[in-house]
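Novice: Keeping their order, the protein sequence lines are chains G and S. Just so it is clear: in the first sequence, position 271 is 271 by this note's numbering, and no numbers are missing. One rule links them: number in this note's numbering = place in the second sequence (from 1) + 302.
Hints listed in this document are in silico derivations from the structure and should not be mistaken for laboratory results. Computed from a predicted model, the values in this text were never measured in an experiment. All C-beta atoms in this analysis are idealised placements derived from N, C-alpha and C, irrespective of residue type, glycine included. Hints may be right or wrong, so weigh each one.
Stated by the list, open to error - Mimicking DSSO-like on lysine-lysine, the simulated pairs with C-alpha atoms at most 30 angstroms apart in a straight line are: (1) G:K211 / S:K369; (2) S:K432 / G:K211; (3) S:K443 / G:K211; (4) G:K211 / S:K427; (5) S:K343 / S:K369; (6) S:K372 / S:K604; (7) S:K443 / S:K432; (8) G:K211 / G:K35.
Claimed, not checked - Ranges between beta-carbon positions, derived for each pair: (9) S:P411 / G:P161: 39 to 49 angstroms; (10) S:H524 / G:P8: 21 to 31 angstroms; (11) S:G379 / G:G204: 25 to 35 angstroms.
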Amino acid sequence: MSDNLFTPIDASLDTSYDFSRPSTSYWQDVWRRLKKNKLALAGLFIIILVAIIAILGPFFTAYSYSDQDLKIANQSPSLAHWFGTDNLGRDLLTRVLYGARISLSIGIVASISTMVIGVLYGGIAGLAGGRIDDLMMRLIDIMWSIPWLLYVILLMVVMQPGLTNIFIALALVYWMPMARIVRGQILSLRELEYVMAARLAGAGSWRIIIKHLIPNSLGPILITATLTIPDAIFSEAFLSYIGLGVSAPMASWGVLASEGATSLRSYPFQLFFPAIAICITMLSFNFLGDGLRDALDPKMRK
Amino acid sequence: MSDVLINVQNLSKYFTASRNFWGNPTSFVRAVENVSFQVYKGETLGIVGETGCGKSTVGRTIVGLYKPTKGTVSCAGEDIHTAIHGPNAMTMRRKLQMIFQDPYASLNPRMTVGDIVGEPLAIHKITSGKDRQSRVYGLLKQVGLNPEHASRFPHEFSGGQRQRIGIARALAVNPEFIVCDEPISALDVSIQAQVVNLLEELQSEYGLTYLFIAHDLSMVRHISTRVAVMYLGALVEIAAADELYKNPQHPYTKALLSAIPIADPAAEAKRQRIILTGDVPSPINPPSGCKFRTRCRFAMAKCAEMAPELITGANNHTIACHLVK
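With the rest of the complex left out, here is chain S (with noise of 0.2 angstroms):
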């Protein structure tokens, strides 16, 4: 593989959840959880896992929108939380960006959308007055927009059109490196093909490298180059896309995978769903060792006492699971 342009090493984010009357925490919800892994230059990495797993944790934290409590993120060998807050900061910001999930909330309803794409540009003094605004028209139609909505608010907009607004935003600054937060799961299924199709335009014509997060299985299978399993703030697999899908290994991942369902009535009909009993645990008191342990089929003594450590097996299928060795 190419070089690793992202690695995160150990990371955990805890929110506080509760405080005693000092203002002291009491109690943290631990959305992350010692997760390691490495984006490789040009790839995207696929993020699944259910509502609350910490996948929009990861992603914020490696953009630098959140502090990680323990571990690093870098990018390219430089740590981004160092880099943030030194004299280099506009460096490191204008490597990473971000598109949000919500096209309704990420765009301030006040500005216009010319202004909303040229904030970047405006912040980093990219460019200014006719420059600015020829960059800022450039970038439209590169998200496939007409000029002439530079001049509109955002509520003139659908769904779809403010997703490329959010996608032309991030690439004002021409970064590296772009998370994008569950860009589709708020668009209709047919918007969500176009939108798709433009992110993976945009990849291969500059280079970019994505970290995708998002709940809908199939699309992160035809866009991910490796696909990254959460679980209740943990990492629990790791693998090439195709790899993961023919062949899972960890149990939580083969429930995961059971769950979509097949275009073509035959096979469906066969298809064995593995159901999950009981909630997922919440994650201020998460259980001992594996996470997994309170739902898993296969789960032994050894599991409640310590944490599989990830392990990297045959196709660079990297798992964390007692079961494999």
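So that you can see chain G by itself, here it is in the shape it has in the complex (with noise of 0.2 angstroms):
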């Protein structure tokens, strides 16, 4: 093959520079790939349902959740009683529709107050390091090794049970595993060149705190909080089953289900309403929260 086979290309048509993809920020993109997971899919729908139910379900029942009517009392699924209604007569679909605010408020409060601490907690052992950090970690080993239904009973017993106390109770246990993912984060996210890029620019610690380290920090902080709620539903089913819950006559899952459980043999009906929606609500969060960890995950990037 000799030379003049070959010519020059016009520059202009070089087009090795322009993309064909479309800009997609990070959002968008775990967005793109949580929508082909069906299985999370799915739970986010039933979460905004179960939610919707939640906050206006009560209003459309006619039935109150602490009217008694001992004339109807123990009656099975029919039409005028959709979940039939418990000992005392009163309609268990409002209880149901009215224990989801309850339970519901109570996982994401539970969530959001561990973000908050354990971000704070963990953010500030793993940007002090040295010895803060090993004796703020040292710290949550030594309270992680207790069993912590312990000192939630012992909590209940000293503030006695009540919606705000099993607020706290669960805030102080569940804040532990979110301060040790975040301090994790936040030393190896650290040492990165990015956060030294930073540092020579001159940015200050809050600086590089808000817009460096928690920005990319928020994916395992996002999924530890999803499956923090379903966590904190159930061990508030728990505490109320065992009677250290909500106080009567307000209704939570866990105090209808412990109801419905005392009289097992004779109207299962009342034990199976409350606890199919702990296990829906608790599946969806989780496949939501399986589905988020692999969405947000770059690695799994196409």
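Take the two lone chains, each set in its own frame, and fit them into one complex as the hints suggest.
Specialist: Here's what the structure looks like:
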């Protein structure tokens, strides 16, 4: 082949620097990946549905969650009472709908408070490093080694059972895994070159935390927060089941399940409906949490 | 030679390797030990050496990312580490910038390219609003990118393009001195040439001074005015690039340069490699005296007793070796 077969290409025709892929932000990509995960999407849909039912549902039933009518106690599901009635003649559907409010709000409040406490605690430990970090992490190790049920029971005994105290007790337990995850993230991120570049540019600690460290650890934070919700709902159900939860006539799903279990042989539907509600909600949150973990992991990028 | 811009005097940097129960350090990694050199205004000083010899630590200490354990670093006569913790910290910060090795780790994946390049401008409150935007566009154009790229995210770019973004960020504050910490070692050979040419163009346009850290010996020869060789945290030899490559004096430099392949089969066949035996000693417990003595063919009793001083001989050729008088 001789050289005259070749002619130089017009430089303006070089399109190697033009991108055909439209620019997508990180969160657009996350959403795109999440959409591919049908199970997670179903979870998200059910969670939204449950939330809407929890907010609006109680307005659409003819009964109140606390009105007793002993004449219709322990009725099986019927057109008038879709889920039947309990041993005091209260409409079970209304109580399950009302329980959704309490259970969901416990999950969300526990998740938000663990996020705040965990991110602050873990962030401080990770950034400070050295002895402060050691001390803060050993404190978590010690607290984590005590069975949480033990000190939640002690707390509830001291503080009296009730909704607010359940919030406090659960927040006191669930912040620890969050703090560990955030600390780990900060430790690995703060040595990265873009953090050095920001420090070189003269960025202060706050700017580095807010602009660089937190946005980049948001993925694991969000996953942990999502997976804390079903944990907290289940813990509350469990606490209510053993009588340390919300008090009557308020009804969380745990309380309903506990009441239903006492008459399991004669009226199994009284346990069945609240138990199904707990199951569906927990599964949905877990599916969504797993889906988010896959969607937020940049190594999964296609 | 012209004026000294960066003056490094007896610089040592130790990192804590282990602590006792009370958190007091019990052993150190001696990453850099008693290193002195000058960087002249407008030149490129190359630093070469094996992985772990402390060249990156020197670079990071100069720009103020690390606090020196001993010794001083000054820029135009002003001590850098006093300055960046003093009232005029921002003035000093603007003089010193850095280009990083890993183009994938050096850009925040959650920020757009425009935000990344504009961040130094925002911190130093140099411009705002539309002015900042046009400055960012100008910087992107200067490094060979399109202004439209400003709204994209780092993951949408190739390694070479990311390195250009890193260069644009370093240029944003109009620095005098840029530490290039292995800016090309993560890139393909064809892209390496583009980035090196870009760095050279920018140097002649703005009169920049570079500290070019690398382990690609021929690339360092190409870009550097002078070259310094480091071994296990110590500076062993420093001279003008051609002088060093043609006339290496220190046994370590000789061994290092003998490893460069020659692009001529006849000459390559005759090339004599000096193979060093043994491994690099641990920087936690370095050998006494001359650090190279455990692997040096010419080691004498004197080498174990005292560390050789840096001695400047003919052609401004500075060597730290007892053999060289």
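Novice: Each hint: holds or not?
Specialist: Consistency of the hints with the structure:
Among the hinted pairs, K211 (chain G) with K369 (chain S) is consistent with the structure: their alpha-carbon atoms are about 24 angstroms apart, no more than 30 angstroms. Restraint check for K432 (chain S) and K211 (chain G): the C-alpha separation of about 21 angstroms stays at or below 30 angstroms, so the hint holds. Simply put, K443 (chain S) and K211 (chain G) have alpha-carbon atoms about 25 angstroms apart, close enough for the 30 angstroms limit, and the pair holds. Taking the CA atoms of K211 (chain G) and K427 (chain S), the gap is near 17 angstroms; set against the 30 angstroms cutoff, the hint holds.
Taken as a hint, the K343 (chain S) and K369 (chain S) pair is honoured in the structure, with Cα atoms around 23 angstroms apart against an allowance of 30 angstroms. Between K372 (chain S) and K604 (chain S) the CA atoms are separated by roughly 26 angstroms; this keeps the pair inside 30 angstroms, and the hint holds. In summary, the hint linking K443 (chain S) to K432 (chain S) is supported, as the alpha carbons are separated by about 16 angstroms, within the 30 angstroms threshold. For the given pair, K211 (chain G) sits about 27 angstroms from K35 (chain G) by alpha-carbon distance, which is consistent with the 30 angstroms threshold.
Checking the proposed 39 to 49 angstroms range against P411 (chain S) and P161 (chain G) shows it holds: the Cβ atoms sit about 46 angstroms from each other. Distance hint check for H524 (chain S) and P8 (chain G): the Cβ-Cβ separation is about 26 angstroms, which falls inside the suggested range of 21 to 31 angstroms. A hinted range of 25 to 35 angstroms for the beta carbons of G379 (chain S) and G204 (chain G) is consistent with their spacing of about 27 angstroms.
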